[in-house]
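S.K.: As a plain string of letters, each chain reads:
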Amino acid sequence: QSALTQPASVSGSPGQSITISCSGTSSDVGSYNLVSWYQQHPGKAPKLMIYEVSKRPSGVSNRFSGSKSGNTASLTISGLQAEDEADYYCCSYAGSSTFGRVFGTGTKVTVL
Amino acid sequence: QVQLVQSGAEVKKPGSSVKVSCKASGGTFSSYAISWVRQAPGQGLEWMGGIIPMFGTANYAQKFQGRVTITADESTSTAYMELSSLRSEDTAFYYCARDTIAVASFDHWGQGTLVTVSS
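Respectively, the protein sequence lines represent chains A and B. First residue of the first sequence? That's 1 in our numbering, and the numbers climb one at a time after it. First residue of the second sequence? That's 1001 in our numbering, and the numbers climb one at a time after it.
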């Protein structure tokens, strides 16, 4: 199972909106509405930000939103803030077993 | 609240094995799955495999088949990940995560365990 493809880096100024893409195939992203997104600050464990493509766990800011079209999922961060600077990873269910998961390559978000 | 606490850092020789533990508290251990995810220094996340403690059977990513064993002890609410035939490329942080299978997401994570493989 190959990793999902994300841009290596995305940047934006405070207050702006940015979108991170996550490109998969018809075997993973395209077949299931089971895409999740994780935020990881340096030296910290990842944190769940979005699940089932567009749902936010309790406590996650509504500035974070997710969507999907075909084999590509997207994470949008609106009203960019300094604390949003981190690495972001998408993850999709990929079938083949109860668990089968595949992560994206990761995107470094920089707040200018 | 749910907490996952992992065992401490390890330094291992090439060819040896390592076993990392992940103790859960604050939730119903058997009702969820536990997955293991690793991250090499400066690299991305990589799913290794998972287990549903209630059933005891584990699934593994093809890349790690034959080298990784994931187990769970319901009596102590602890999951384990053992990786054998270690090589330098296995140097990484290893994370356990609570896995909500129905929505295929990891909602709680351990703090990570650094495994260093060096001669």
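Don't take every hint at face value.
[Claimed, not checked] Reference excerpt, derived from the structure (chain B facing chain A, CB under 8 Å, subset only):
| # | residue |
| --- | --- |
| 1 | Pro1053 |
| 2 | Gly1056 |
| 3 | Asn1059 |
[What the hints assert, rightly or not] Keeping only pairs whose Cα atoms sit at most 25 Å apart, straight-line, the calculated DSS-like set for lysine-lysine is:
| # | chain 1 | residue 1 | chain 2 | residue 2 |
| --- | --- | --- | --- | --- |
| 4 | A | Lys108 | A | Lys44 |
| 5 | A | Lys108 | A | Lys55 |
| 6 | A | Lys108 | A | Lys68 |
| 7 | A | Lys47 | B | Lys1013 |
| 8 | B | Lys1012 | B | Lys1023 |
| 9 | B | Lys1063 | B | Lys1019 |
| 10 | B | Lys1063 | B | Lys1012 |
| 11 | A | Lys44 | A | Lys55 |
| 12 | A | Lys44 | B | Lys1019 |
| 13 | A | Lys47 | A | Lys68 |
| 14 | B | Lys1012 | A | Lys44 |
| 15 | B | Lys1023 | A | Lys44 |
[Unchecked claim] Distance ranges between label pairs, derived from CB positions:
| # | chain 1 | residue 1 | chain 2 | residue 2 | range |
| --- | --- | --- | --- | --- | --- |
| 16 | B | Val1011 | A | Leu112 | 19 to 25 Å |
| 17 | B | Gly1015 | A | Pro14 | 46 to 52 Å |
| 18 | A | Pro14 | B | Ser1085 | 46 to 52 Å |
| 19 | B | Val1011 | A | Ser67 | 33 to 39 Å |
| 20 | A | Thr5 | B | Gln1062 | 15 to 21 Å |
| 21 | A | Val60 | B | Gly1042 | 44 to 50 Å |
| 22 | A | Ser96 | B | Ser1030 | 45 to 51 Å |
| 23 | A | Ala82 | B | Ser1025 | 40 to 46 Å |
| 24 | A | Ser97 | B | Ser1075 | 24 to 30 Å |
No wet-lab data here; the hints were simulated from the structure. All values reported here derive from a predicted model rather than from experimental measurement. Backbone N, C-alpha and C fix where the C-beta goes; we use that ideal spot for every residue, glycine too.
S.K.: Which of the listed hints are broken here?
M.R.: 1, 2, 7, 16, 19, 21, 22, 23
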